[in-house]
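Trainee: Each chain, letter by letter, is given below.
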Amino acid sequence: MSNLERAPRKSFNDLIYDLIFKNYVWQSIFRTGYPNTPRNQMLAVATNVFLHLHPTRIHRTHVKITHTYCLGGLSFFMFLGLTVTGVLLMFYYVPSVERAYQDIQALESNVRFGQLLRNMHRWMAHAMIILVLLHMMRVFYTGAYKPPREFNWVVGVVLFILTLLLSFTGYLLPWDQLAFWAITVGTTMVGSAPVLGDESKFLLLGGFSVGPNALIRFYTLHVIGLPLVISIFMAVHFWRVRRDGGLARPL
Amino acid sequence: MVSRAAAAIRTRPRREREAEVLVWPDLVFIEFISALIFSIALLVLSAMVNAPLLNRADPDTTPNPSKAPWYFLNLQELLLHMEPAWAGVIVPTIALVLLAAIPYWDRDQDGQGVWFGTKFAGRLTVFGFTAATMVTSLLIIWDGSLHVIWTENIIRGLGLNSDFSWPGGLDWFRNLRGFDTGIPWESLGFSIGGFTMFEDWRAIPLGIPGTTTDPWLLNLNFPSFLSQQLIPVATMVGLPIVFVLFCKALGWIHTRRDIALLIFSAFIGVYLTTTIVGTAFRGQGQDLKPPWDIVVLEE
Ligand code: HEM
Chain A
1 MSNLERAPRK
11 SFNDLIYDLI
21 FKNYVWQSIF
31 RTGYPNTPRN
41 QMLAVATNVF
51 LHLHPTRIHR
61 THVKITHTYC
71 LGGLSFFMFL
81 GLTVTGVLLM
91 FYYVPSVERA
101 YQDIQALESN
111 VRFGQLLRNM
121 HRWMAHAMII
131 LVLLHMMRVF
141 YTGAYKPPRE
151 FNWVVGVVLF
161 ILTLLLSFTG
171 YLLPWDQLAF
181 WAITVGTTMV
191 GSAPVLGDES
201 KFLLLGGFSV
211 GPNALIRFYT
221 LHVIGLPLVI
231 SIFMAVHFWR
241 VRRDGGLARP
251 L
Chain B
1 MVSRAAAAIR
11 TRPRREREAE
21 VLVWPDLVFI
31 EFISALIFSI
41 ALLVLSAMVN
51 APLLNRADPD
61 TTPNPSKAPW
71 YFLNLQELLL
81 HMEPAWAGVI
91 VPTIALVLLA
101 AIPYWDRDQD
111 GQGVWFGTKF
121 AGRLTVFGFT
131 AATMVTSLLI
141 IWDGSLHVIW
151 TENIIRGLGL
161 NSDFSWPGGL
171 DWFRNLRGFD
181 TGIPWESLGF
191 SIGGFTMFED
201 WRAIPLGIPG
211 TTTDPWLLNL
221 NFPSFLSQQL
231 IPVATMVGLP
241 IVFVLFCKAL
251 GWIHTRRDIA
261 LLIFSAFIGV
271 YLTTTIVGTA
281 FRGQGQDLKP
291 PWDIVVLEE
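Protein sequences, first through last, are from chains A and B. In terms of the working numbering, the first sequence opens at residue 1 and continues consecutively. In terms of the working numbering, the second sequence opens at residue 1 and continues consecutively.
Isolated chain A, as found in the complex (with noise of 0.2 Å):
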């Protein structure tokens, strides 16, 4: 409903949604009113850097919650959430070898909500995982990487092995005996690659076993050089699920 159709007296509701959203200081945020009109509700998707990774209208299958589960979505979501639990926990945590497993304990009982702080972190990493591997399943089983989509499926497992590699790089921080031994495990499987096995083995572990050059190796990937490579890798993801015609449809 326009201004000008409007009876010329305004009710109480329509002065009080003129003062939030007609007023000088919201719509130079958001530029449009609020999306209760389909214009406005196009433009609000299409206007917004975060809703605009999607289109502004999409076919009625794909908002079927059993066509997608929410999967692909929910992975992404992880993703930000443990990336805002993961930067409060930096605030707390010393990749040393000397503080880490210390900080790790004064986390967990001397700062508030130090103890749920982890949990989160630690739980979202493991859902995120069960996700993706969920997400592909659903990719599969709807013939969504046929063409052409082939690429899209592509960049999907790298996003899977680089998910793989950020939950296994944190589970070394704590440096607990866990953390120690589930590291020093599956390093040694790194090593046994028939060629460049050690050599990678040791570009990984700074040394020749897990000890603090890995700590801090493990610690830098783990919070910044994953982080941006999986970013990467999403952005191409999100983008290309669009450029290839929003979700595979039957011809």
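Since the hints were derived computationally from the structure, they do not count as laboratory data. Computed from a predicted structure; not experimentally measured. Any given hint might turn out to be false.
[Unchecked claim] Listed below are the simulated EDC-like cross-link pairs for lysine to aspartate or glutamate, each with C-alpha atoms no more than 20 Å apart in a straight line:
id : chain 1 : residue 1 : chain 2 : residue 2
1  : A       : Lys64     : B       : Glu18
2  : B       : Lys67     : B       : Glu83
3  : A       : Lys201    : B       : Glu83
4  : B       : Lys119    : B       : Asp108
5  : B       : Lys248    : B       : Glu18
6  : A       : Lys64     : B       : Glu152
7  : A       : Lys64     : B       : Asp26
8  : B       : Lys289    : B       : Asp143
9  : B       : Lys289    : B       : Glu152
10 : A       : Lys64     : B       : Asp108
11 : B       : Lys67     : B       : Asp293
12 : B       : Lys67     : B       : Glu298
13 : B       : Lys248    : B       : Asp26
14 : A       : Lys64     : B       : Asp171
15 : B       : Lys248    : B       : Asp108
Since the structure of chain A is already known, use the hints to place chain B with the ligand on it.
Mentor: This is chain B with the ligand only, laid out in the frame that chain A set:
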């Protein structure tokens, strides 16, 4: 010749504007609700279950069993059944390459954009998954020699023979290593015209001494090669082929998509089984144990 980009656009379904909905509110609402549900669920989980924190890392105290993070335990499980280079590196690499290659091999447009889009997709999925799960479990049981223990217990338990033990003649069938240790390889050499062939199966000369120090390249330990490489690899290559031939014989396979469905589902079955066994059924010394009998010792 049309460019790939043009082809990509042509292979798209026609746009049906009348069947479209607005992203705001229809999709944004769903995304918001699902994000909310997950936030709450994870918050509740985090309030109830704490992330584990054991003692400070100590390189001198090895926990037994030592395990990789759960999402790598499928590989650690493979490690128990074959040469480490295969289990830890080659098999996962090949698996990922094959996974990424699926769309370049299965290119036709049938069954796209709908769940289980071919006629026999459901059966292929269920069969692939269950059969692979069962075969993998059986192989793990066999390589864990559980069939030996069970047979002995049953025969003793029934009172048929109170000190029955697995016959020596069947030693080769105890587990995978049985093909190495349970066969009298020493007596298997033979002669052709006075020339002894394979006198020593455990050191079949391959390389020229001095050109390499790698024992694998210099002398082939055939029994070990057989049990740790040949049989595992033949199993991993052979079983999928058997699966495909079997489903073909049943008339379930008509397109590449059908084969992809079968093999992918079987892969998921193996992936899950090995992860679960590695996580919940491996105790000290990586022996097969029920989950409630698993304790971690520090040594
Ligand atoms: C960090 C991991 C990942 C994230 C955040 C992600 C995110 C997404 C999102 C948001 C979509 C839109 C549709 C949906 O939600 O289902 C999507 C679609 C898609 N994803 Fe992923 N994905 C990830 C991993 C993967 C993996 C592992 C694969 C496959 C190996 C994959 C292949 C695809 C394909 C082919 C599509 C297009 C589906 C269609 O057209 O119906 N993605 N992804």
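Trainee: Against each hint, give a clear statement of whether it holds in the structure.
Mentor: Comparing the hints with the structure gives:
1. A:Lys64 x B:Glu18: Between A:Lys64 and B:Glu18 the Cα gap is close to 16 Å, so the pair holds against 20 Å.
2. B:Lys67 x B:Glu83: Cα-Cα ~18 Å, so holds.
3. A:Lys201 x B:Glu83: Holds, at about 18 Å.
4. B:Lys119 x B:Asp108: holds, 15 Å
5. B:Lys248 x B:Glu18: Between B:Lys248 and B:Glu18 the Cα gap is close to 42 Å, so the pair fails against 20 Å, i.e. violated.
6. A:Lys64 x B:Glu152: violated, 56 Å
7. A:Lys64 x B:Asp26: Roughly 10 Å separates the two Cα atoms, so the pair holds.
8. B:Lys289 x B:Asp143: Between B:Lys289 and B:Asp143 the Cα gap is close to 13 Å, so the pair holds against 20 Å.
9. B:Lys289 x B:Glu152: Holds: B:Lys289 and B:Glu152 sit about 18 Å apart, inside 20 Å.
10. A:Lys64 x B:Asp108: Answer violated: A:Lys64 to B:Asp108 is near 25 Å, above 20 Å.
11. B:Lys67 x B:Asp293: Distance ~16 Å between B:Lys67 and B:Asp293 Cα, so the pair holds.
12. B:Lys67 x B:Glu298: holds, 13 Å
13. B:Lys248 x B:Asp26: violated, 43 Å
14. A:Lys64 x B:Asp171: violated, 57 Å
15. B:Lys248 x B:Asp108: Satisfied, since the Cα-Cα distance of roughly 19 Å is no more than 20 Å.
In summary, the numbered hints that this structure violates are 5, 6, 10, 13 and 14.
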